Amino acid sequence: MSEFAVELQDVIKQFPTPEGGQVFAVNHVSMQIKNGEFFSMLGSSGCGKTTSLRMIAGFEWPTEGEVVIAGTPQGHTPPFKRPVNTVFQSYALFQHMTVFQNVAFGLEMDHVAKSEVNDRVGKSLDMVQLSGMGKRFPKQLSGGQQQRVALARAIVKTPKVLLLDEPLGALDLKLRKEMQLELKALQQRLGITFVYVTHDQEEALTMSDRIAVMSFGKVLQMGTPVEIYERPNCKFVADFIGTSNFLHGTVKSVENGKASVYIQELDAEVMGLVSGDISVGETAAVSIRPEKIRLSEQSAFNQNCFEGVVSSTTYIGSDTHVYVNVKGNRIKVWEQNKISSLDPKAYYSVGQKVWLTLFPENTLIMADK
Amino acid sequence: MLKRLRENKAFQGTILAIPTLIFMVGLLIIPLILTAIISFGTRSPDGNVIYGFSLHNYARIFGISSECQNGKSICFDPLYMQILGRSLSLAFNTTVLVILMAYPLSYFIARSHPRRRNTFLFMVLVPLWTNFVIRVYAWMMLLRTQGVINGVIGWVAGLLGLHFVPLEMIYTPGAVLVGMIYEFLPFMILPIFTSLEKIETPLYEAAADLGANPFRTFLRVTLPLSMPGVVAGTILVFIPVMGTFIVSDLLGGKQVILVGNLIQRQFLDARDPTFGSAASLILMVMTLIVTYFYTRKFGFGEEIISA
Ligand SMILES: Nc1ncnc2c1ncn2[C@@H]1O[C@H](COP(=O)(O)OP(=O)(O)OP(=O)(O)O)[C@@H](O)[C@H]1O
Ligand SMILES: [Mg+2]
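Just so you know, the protein sequences line up as chains Y and P, in that order. Residue numbering for the first sequence follows this note's numbering, beginning at 1 and increasing consecutively. Residue numbering for the second sequence follows this note's numbering, beginning at 1 and increasing consecutively.
In isolation and in its complexed conformation, chain P is listed as follows (with noise of 0.2 Å):
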């Protein structure tokens, strides 16, 4: 035992994944296998499940309503799939504006001095200190209409003697929009950073010696390079962004919901535990195809680990 342990490569993995895959399969197997039997099992009217083989909480989930106006038996509801195309185009702006700013800021904190550089990495990571649901509690403080922000323009167009009404900033998808992209911009900023910081001085030297001119370096040389840390980060951005409801409950209010919120009320508000489930299940498949399709195209960003 003791001497494959110390010849045998594959079976040192073996013994080093163990603790990770009794995790796993405890945490996230098992209670996953749990969630698809209630999915497909009714709600009791006293908010208990009763285990069977039903679809109709898809069938509710894709729009197919029993309860209908104008005498119908059945009809289509939209709002479920309102709320997932909201959950998906939500996620899609988030990912696309952190790209758009993260990229540059990892940019200037990669080709800044190495002595500042661990600086700038650590003011990236100060706010991740805080609890997550405090950071959104901050905006929400920030953003009410009688917050930080009206106020300090009340007290600006006072001092010039116009009249203000107060910005309905919070329970807006604006609002939600600026908190995510606010609690997982520094999930973009590290992966990205890692990338270019791997691009040495002497590649872009190359380019411009061969005739690139800085806009022509990064599109040919910086982008393509970087692109593994781009790939890591909008996994670890998008994914998040399907799930979470903190956000959208404090800074959404009942304006902007989510399958996150979705979720989260079938088990704590409606009491219907499957329906949860379902929601949850869909929310699962949704994500994990946007996801292959995009890793197919892109690549894991497996160079950023190997190179």
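This is chain Y alone, in the form it adopts within the complex (with noise of 0.2 Å):
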């Protein structure tokens, strides 16, 4: 058996327009999701997200490339013979059944046995947390309750693969926080291969083993969280997941994966990792996190220390969001607050002339795209 649940190798979906022209949804894709992997789809609306996701489900074929599950090339396979299963944005229940028909329906398509179809049927809604709403109709549950039908009726046919095209997206906040963590155990506890897509980056962060940023019908980056977010290849990564400051330069040079960039408005060179390809010449952009950058009220070191002045400063509890105007740039820097003190002083004041450090082992030095 392959070691990848889903393969898309060099996948193209072009829609035909309205206006008569092509559209690429997807744009020469190629993703591998191991076996038992959550792995998240994010990127922006109209990225191609859903049209990936409905080429592995088969409800789409792709113009070019090939869709692979579990070592199967697909190819016009239609959605019902494959080992896949949906949990859609819309829910999708049969309004016509109840609850209990609803889940039951899948295996009723497999001519499972009636015994094993009840059985398996009320594991599933207990998995759900829907025990006892069997007979209920899809009307008579909250939009939660309904999210949850439409999950249980996808695992219990125990696919190979779940698509997740959005799930929580119509819940409040609080429910999705919830459904977030019970989604995470839910798919630790059955070891099934979660293709999730969302185009909220804290919940691909919190609960993906892997992450595929997409743009235009491309994948930009693939990795881990941790990956995505401290190594992000190219600017646009870096802005998409999390909050960065960027500066803009000429590459100076590039040495043992680190490189310096002659920044011209600061007249000075900043020194960072390189992330992504970028090569001696280029411009390349200076990505720092705000919560990475150290404030102090004396330059410290002579090299990636920048003397600025505080144009504004918000209070937000844990941490204080300081803006920080150097040489024209507005540079964000989220001081957590280590201290207890009432005294506003303690937390930077508007006018303030203050250092910046950039640490080069926090600072990435990327492509400017």
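Heads up, a few of these hints could be off.
Distance windows between CB atoms, simulated [said to hold, decoys possible]:
#1 Y/73 to P/218: 49 to 55 Å
#2 Y/336 to P/224: 22 to 28 Å
#3 Y/20 to P/129: 30 to 36 Å
#4 P/1 to Y/314: 56 to 62 Å
#5 Y/76 to P/224: 27 to 33 Å
#6 Y/224 to P/218: 54 to 60 Å
It is worth saying that the hints were derived from the structure and are not from the lab. Please read all numbers here as calculations on a predicted model, not as lab measurements. Quick reminder that beta carbons are idealized off the backbone N, C-alpha and C, glycines included.
Got two chains here, separate frames each, mind docking them using the hints?
Next comes the structure, spelled out in structure tokens:
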């Protein structure tokens, strides 16, 4: 058996537009999703997440390339013959069937014996904490409960791969957080491969083993949450995942995984780690996360250290967000409030002179795109 | 009063129902009561109604006759029961065939591209712009022994050098059936289309995703969810087919007499309004009974309105 639950091999999906043109919903995408993995596709609206998922499910066929499930190329295999199940964003519950009948539907299609159907449906409803709701109709359930039915209906078939298209999108924040943890726990318990589509980066970071960050039909980066957050390979990813400060300049030297960039506005060179593809002479982006910048009242180093003036501050409890103007560049710094003080001066004040230190090991140099 | 109108939903409802109520009472309930009264009367020799309470009109419909051969004073004449039976079976056949024809077409329209959908619906409705009777006349032109269909076949046969005896198509039960189907097809297509259109694509996809092939998806998802449309269409087709007389009159002639023709002739030719009224009421009761059992089994198609 293949090591991969799902593979997309250089997949292209084109759709005709009403204007008569063609749109690349998915453009040369390759992914290898491992068995038992919680894999997320993350990207802004219209980047091709749903289309990729639908090609795995079999609702769409690739214009070019191949979808391979558990080592078997799928070609034009219809959805009802694929060993995957989907949790739809709109839930797509059968309104004319009870919760029990909804969940039993997939088993009946597989001609599972009646007693086993009862057994498995019961277990599945237990798992999503809906036991006792079997006789209700979907309309008689809350949004969160309907979501659970959709989940139970998909997992009852114990598919090789479960596809989830923004399954928590319609839930309120609190319920969503709860369900995130539940889904993750469920996935670990069942050992099923989850392919999860979301545009919520926090959701992706919390739940996933690996994430594919997509934009305009392409995968920009694939990696663990830590890799994606700490080593984004281009400016788009750094910007999309979390918050980052960017400076732009020309690459002066690249050596041993480190690079130096000359930044005209600061008239200084900044050292940092190379993240992604860059070469000498190119313009590059220098990226540093606000929580990784050190603020001090005196200059401490002569490398990567800049003087600025505090232009505004926001106290948010655990942190203070300090905005510092460095020669016209507005730099965000998140200072953790490690001491408890009622004195406003303890939290920096507007107009104050400060020094920013961008430690080279926390500073990333990446392609400016 | 104004305050009540603003705040009381039930009162608003009552006010809104008044025009229809007046209309219904004046033009339906009162005439119906009159019909009932007349049906218990007797026909005077000059064709007027002598009011009274006699059940002989009903007895006559159920076949109890006093005009007997071989000297008996009372005997069974199945004539009117045959007419009722014929009407019932024609209405049944028409409804079934119309469902079978309308369903695939409605499905096709509902699943077609939204831009083309309106065109298709428009085409379904176009025949209704022409008068009902004229549409039946058109079928006469087609089905007549010297009509278009025979003409075309004869012409082709002539080219092939074959001998062709024109088909006897008009004035047969088949002709009436064809006419009925043609007249009432749109009334089945529209409600079925409406209920099919409401089924969202993800439902089909969910069924496929769970392992249902297209056939099982149809049986388990599409059909149950579109039943309200089928029920509504059945009511819209079955009831009028039971009562109409123009189609059978023009395409069935003397060969195919339905309850509708019977009633019409009592009022216009035989000038026996008492018997005509009795037949009308029987027709109504029969239709009600069928509709009652049908809707008890399948519902009223109310979901089509409420969903
Ligand atoms: N059936 C279709 N016909 C034409 N264009 C389509 C079709 N489906 C998707 N597209 C286009 O393909 C692109 C990708 O769509 P897709 O639904 O995969 O995005 P997405 O990443 O899921 O976005 P969202 O987060 O908004 O759901 C979009 O530009 C969309 O307009
Ligand atoms: Mg989507």
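Hint-by-hint comparison with the structure:
For residue 73 of chain Y and residue 218 of chain P, the hinted distance range of 49 to 55 Å is not satisfied, since their beta carbons lie about 29 Å from each other. Distance hint check: the CB atoms of residue 336 of chain Y and residue 224 of chain P are about 59 Å apart, inconsistent with the given range 22 to 28 Å. Taking the beta carbon of each, residue 20 of chain Y and residue 129 of chain P are about 34 Å apart, inside 30 to 36 Å as hinted. Our hint of 56 to 62 Å for residue 1 of chain P and residue 314 of chain Y holds, since their Cβ atoms are close to 58 Å apart.
Range check, residue 76 of chain Y to residue 224 of chain P: about 29 Å between beta-carbon atoms, so the 27 to 33 Å window is met. Between residue 224 of chain Y and residue 218 of chain P the CB atoms are about 45 Å apart, so this pair departs from the stated range of 54 to 60 Å.
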